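Peer 1: Here's the letter readout for the chains.
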Amino acid sequence: MSDYRIKGETGEWEVVIGLEVHAQITTNAKLFSSAATAFGAEPNTQVSLVDAAMPGMLPVPNRECIRQAVRTGMAIEAQINRWSRFDRKNYFYADLPQGYQISQLYHPLVGEGAITVEADEKAGIPEPKVIGVERIHVEQDAGKLMHDQHPTMSYVDLNRSGVALMEIVSKPDMRSPAEAGAYVRKLRAILRYVGSCDGNMEEGSMRADVNVSVRRPGDEFGTRTETKNVNSVRFVMAVIEGEAKRQVELIESGGTVVQETRLYDPDRNETRSMRSKEDAHDYRYFPDPDLLPLELDDDFLVECRESLPELPDAKRDRYLALGISPYNADVLTAEVEAARWFDTLLDAGAKPVAAANWVTSELFGALNRMGRDLTDSPVSPQQAAELLGLVADGTISGTIAKQVFEKMLESGGGAAEIVERDGLKQTSDTGAIEAEIAKILAANADKVEQYKGGKEALFGFFVGQTMKAMQGKANPQVVNELLKKALG
Amino acid sequence: MTELTNLTVAQIRDGHRAGDFSAVEVAEAFSANVAGAKALNAFIVETPEHALEAAKQADADRAAGTLKPLSGVPIGMKDLFCTDGVQTTAASHMLEGFIPRYESTVSQKLWDAGAGMLGKLNLDQFAMGSSNETSYFGNVISPWRRKDGGNAALAPGGSSGGSSTAIAARLCPAATGTDTGGSIRQPAAFTGISGIKPTYGRCSRWGIVAFASSLDQAGPMARDVRDCAIMLENMAGFDAKDATSLNLPVPDWEAALSSDLKGKTVGIPKEYRLEGIDPDIDAMWDAGIAMLKDAGAAVVEISLPHTKYALPAYYIIAPAEASSNLARYDGVRYGLRDLPAKNSSGGGAGLQDMYAATRAEGFGPEVKRRIMIGTYVLSAGFYDAYYTQAQKVRTLIARDFEQAFASCDVILAPTAPSAAFGLGEKMADPLAMYLNDVFAVPASLAGLPAMSVPAALNREGLPLGLQIIGKAFDEQSVLNAGLAIEERAGFNARAEKWW
Amino acid sequence: MTIDQATVRKIASLARIAISDAEAAAMEGELNGILGWVEQLGEVDVTGVEPMTAVIPNTLRLRDDVIDADPLTGGNRRDDVLANAPAAMHGFFGVPKVIE
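Chains as they are written, first to last, in our numbering: chain A, 100 to 587; chain B, 137 to 635; chain C, 71 to 170.
These are calculated hints, taken from the structure and not from any lab test. Just so you know, these numbers come straight off a predicted model, no measurement behind them. There may be inaccurate statements among the hints.
[Unchecked claim] Below, computed lysine to aspartate or glutamate pairings styled on DMTMM-like, alpha-carbon distance capped at 25 Å:
1. C/Lys167 with A/Asp442
2. C/Lys167 with A/Glu369
3. B/Lys562 with C/Glu93
[To be verified] Selected chain A positions facing chain B (Cβ under 10 Å, derived; list incomplete):
4. Val149
5. Val159
6. Arg162
7. Asn189
8. Phe191
9. Thr251
10. Val255
11. His380
12. Tyr382
13. Arg383
14. Asp387
15. Leu390
16. Val547
17. Tyr550
[Claimed, not checked] Which stretches of chain B does chain C cover? Using the computed rule of at least three CB atoms under 8 Å from a CB of chain C, they are:
18. 210–218
19. 467–480
20. 484–490
21. 499–507
No residue lacks a Cβ here, since even glycine has one placed at the ideal position from N, Cα and C.
Please model the complete structure; the sequences and the hints are all you need to start from.
Peer 2: Below is the structure:
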């Protein structure tokens, strides 16, 4: 249970949050026309006669949109409706050429499912929490309006008009900004694993309508407001925090919350009421007579299920079973690219625990320094497996491995090749080590006395000196054994 | 030689093939008739150059031995079909000047079959009307006049009134129509010609200005049954661009025409016997029954118990769909834009003011009325009581037909409850106008093929039509029964030229 | 159910059709006449009857995910799309400034 509370003047308030996430379905062509969906094209170039709602134009659905929405539903263990329908949502706006949006109200493609967010002590999520998903339906995106190009005109670009969206509607199950943030991140991860949405929030591929209400803990739900088109996890959390505070202050000063649509202004970090949507509440939904009911057959559903990859939760469980720490398992499964990279590393023979530690510290650290992504890592999983293999079989020490890795990043060479070339192989030659130990003990007679007098912490000093003398190439275990013997 | 404009589609096709005349001669003869019939107001746009171009191609194709099914046949195109480069208005001010950059599937198929276009035919605005009086470009006048010595202008029926008038007045041998609730059959009946609405989904709706999507269906209008079959063969066919298009082969309807109805059973729906109906209508119906018996058919009485509710259901469903289909006419991307200087409260006019002004200016009264009804029946709190109830009743109406067709192959009924009425007679009362489609609407609601063939003249000398309704996909039985009536009725009356 | 002029105005506003007071008055009567007539549908017993979804038995076809598969339903035809626009400006449709 979240103990997130807004502290008002009259006491504590609980926040109730539901999210409607609009995720652009990854497809080549639009939902009902064959115009392209690529981001960033010249205005109105990716617009068909259908998308511009010219007289007599008709919609024909894109199979891939349906398939991806079904696979997404399966990924959250949701009810898949074999019979669904498209409905028209009627309203007038300049970015909506048909005068209605084709959506699904009465019979959505996907019914109830759930998403589990992991425990995050620091964020106030003490244990994993299951967030219910009410439904997923498929619908058309609208076009885009530009207001700053002309003093008295707005410009309409219909490139986005008709692009397929999934609307993923959560239940009002979240109780803190952190839970909502975790939900959006987890949902994004699932979509990216499934491949149904690229999750690119900057380009608008994912955006959330944030429903917020407040209540006294244990009371009935309060009146909610809906803040539209919030396009980052950070903003989602900021909207909830700000909107909850606004509602509490409003109620405590004797006002009432009005059910309304609001808009988030990231520059001022505040929401404001959207005037343009005020009278648009009566959408007159009815089944789209241009489209027949959508019926899915067994073959279609089987293909959808069989083409699903291993999903974040299953992957995480598998990593935990391999002995990987929960923290590392979370980090490695959060992004599908990282997980795929790591799986390739394991396939190349790397030992799971050591590999997980190395990826999350050494590799991510290096990529961070270089400002690079895993997708353009200079070191491939196979090369990394080779490096880790040299550590595992005792050819080099962990310390030397760091040097080798740096050299790999610089030169792009293979680990074994670098170790060979620079003579970095670890030595277990007891004669050479004993000779160096003898020199060190002789040069530090005072410290030997102290050690023998009980100051055992000095053992590390002798190890360090020996390793230094051996240029890091001595097998640490052998050094330990020989030192113990020499110090009697 | 017979006047070329008196020839049927089949006669033009065959005569041209045989070298009796050139396609150019045919196109020029019809174009001359079109040009000389402005008084009928059947065309919104005349395109003699299009017809001539196709005719030249037809003559060249004949020389090259590459004739197509409709080579040499010029036709009229209802101005609801979008035509590439030719103004398409749906008879509205809203789309006045709209020149599509695309061709509707049906019209494209006709051009591909070698037909030429004489022009775009007038209609009721957005196909909403039963008399052609709602056109922004003025009403079409029927070539027919009552034999009462008066010269009262009569309605050509609607919404395909330009099509019906043009064919009846020999301005074109055939034309396209569309039928949402009788818009092919009723005007055909009013003007003494034939017309068939095929099974819903036979003809692609792509590129036809939408009225009510679940009902709209294109079909041909022509002088006789054979011509309807020929035209329909060249209009129908699967279209991947229309999700409701039927993926079925197009039968060779013309080749299978047969007026021998032995082994066929004709159903006579008792609910279509209306109290107080014009006795001429009942007499024509009885005569039609006798003709089909004579052709070898058995006749049985059937019951379509929900007939009475078809019209009210239609007047919920069609306006509901129309209110949404016509939302795209907003002055943003094409068509009329009216941006008032000020809004209603005296401030600067914005987008929403532009919508309201544009739509007030661009739509005629009947279109507005239907949009208003449709908007109301879909609005919050009324949707189930009106729209859902109407769609349930529609299920019952379709079920009525299904059950009736267990005991018959086709159904025979009048097309309309009266002959053509005078222009202006019913405009004051929308409900009286709607009742014109009482016999036509049930088949539309059930998506069934139905045709009207001319059967008799009433006591005023005006044509009356008989309607044949068939099972889904069975246009052939409809055409065959129509042919049986055509052969026996011997209807060869035509309007005397006064225009 | 009868509707009054305020309702007529509300519907007209939803439908984005500007109407004068005289038109609202005229429409009140017409709409009530039509609505009163269609309400006879309420008499029909529809217990257990599903609303019509497809008038002819047919299933919804789905198309392949191919860009510009058919030029008639594909993109890259901005000139055609803008050809009839009352205010085409720099490749956009122009509309009176919208305040969100």
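Peer 1: Now tell me if each hint is right for this structure.
Peer 2: Going through the hints against the structure:
1. Note on C/Lys167 and A/Asp442: the hinted pairing is violated, with a Cα-Cα distance of about 53 Å set against a maximum of 25 Å.
2. Only pairs whose Cα atoms come within 25 Å are accepted, and C/Lys167 paired with A/Glu369 is accepted, the gap being roughly 24 Å.
3. Proposed proximity of B/Lys562 and C/Glu93 is supported: the alpha carbons are some 19 Å apart, at most 25 Å.
4. Hint status for A/Val149: holds, given a least beta-carbon distance of 8 Å to chain B, under 10 Å.
5. Taking 10 Å as the C-beta contact cut-off toward chain B, the hint placing A/Val159 at the interface holds, the least distance being around 5 Å.
6. Here the hint on A/Arg162 is broken, as its CB sits about 12 Å from the closest CB of chain B, past 10 Å.
7. Given hint, A/Asn189 at the interface with chain B, holds; its Cβ is 5 Å from that chain's nearest Cβ, closer than 10 Å.
8. The beta carbon of A/Phe191 comes within 5 Å of a beta carbon in chain B, closer than 10 Å, and the hint placing it at the interface holds.
9. At its closest, the beta carbon of A/Thr251 sits 9 Å from a beta carbon of chain B; the interface hint therefore holds under the 10 Å criterion.
10. Given hint, A/Val255 at the interface with chain B, holds; its Cβ is 7 Å from that chain's nearest Cβ, closer than 10 Å.
11. At its closest, the beta carbon of A/His380 sits 8 Å from a beta carbon of chain B; the interface hint therefore holds under the 10 Å criterion.
12. Using the Cβ-Cβ criterion of 10 Å, the hint placing A/Tyr382 at the interface with chain B is satisfied: the shortest such distance is roughly 8 Å.
13. Satisfaction of the interface hint for A/Arg383 is found here, the shortest Cβ-Cβ separation to chain B being roughly 4 Å, below the 10 Å cut-off.
14. Restraint check, A/Asp387 versus chain B: the minimum CB separation of about 8 Å is within 10 Å; hint holds.
15. Restraint check, A/Leu390 versus chain B: the minimum CB separation of about 5 Å is within 10 Å; hint holds.
16. The beta carbon of A/Val547 comes no nearer than 90 Å to any beta carbon in chain B, farther than 10 Å, and the hint placing it at the interface is violated.
17. For the restraint placing A/Tyr550 at the interface with chain B, the shortest Cβ-Cβ distance is roughly 86 Å, beyond the 10 Å limit, so the hint is violated.
18. Counting residues of the stretch 210–218 of chain B whose beta carbon lies closer than 8 Å to any beta carbon of chain C gives 0, which falls short of the minimum of three for the stated coverage.
19. Evaluation of the coverage hint for the stretch 467–480 of chain B: fulfilled, as 9 residues show C-beta separations to chain C shorter than 8 Å, against a requirement of three.
20. Check result for the stretch 484–490 of chain B against chain C: holds, 6 residues qualifying (beta carbon to beta carbon below 8 Å, three or more required).
21. With 4 residues having a Cβ less than 8 Å from any Cβ of chain C, the stretch 499–507 of chain B passes the three-residue criterion, so the hint holds.
Violation of the numbered hints given earlier is confined to hints 1, 6, 16, 17 and 18; the remaining hints are satisfied by the structure.
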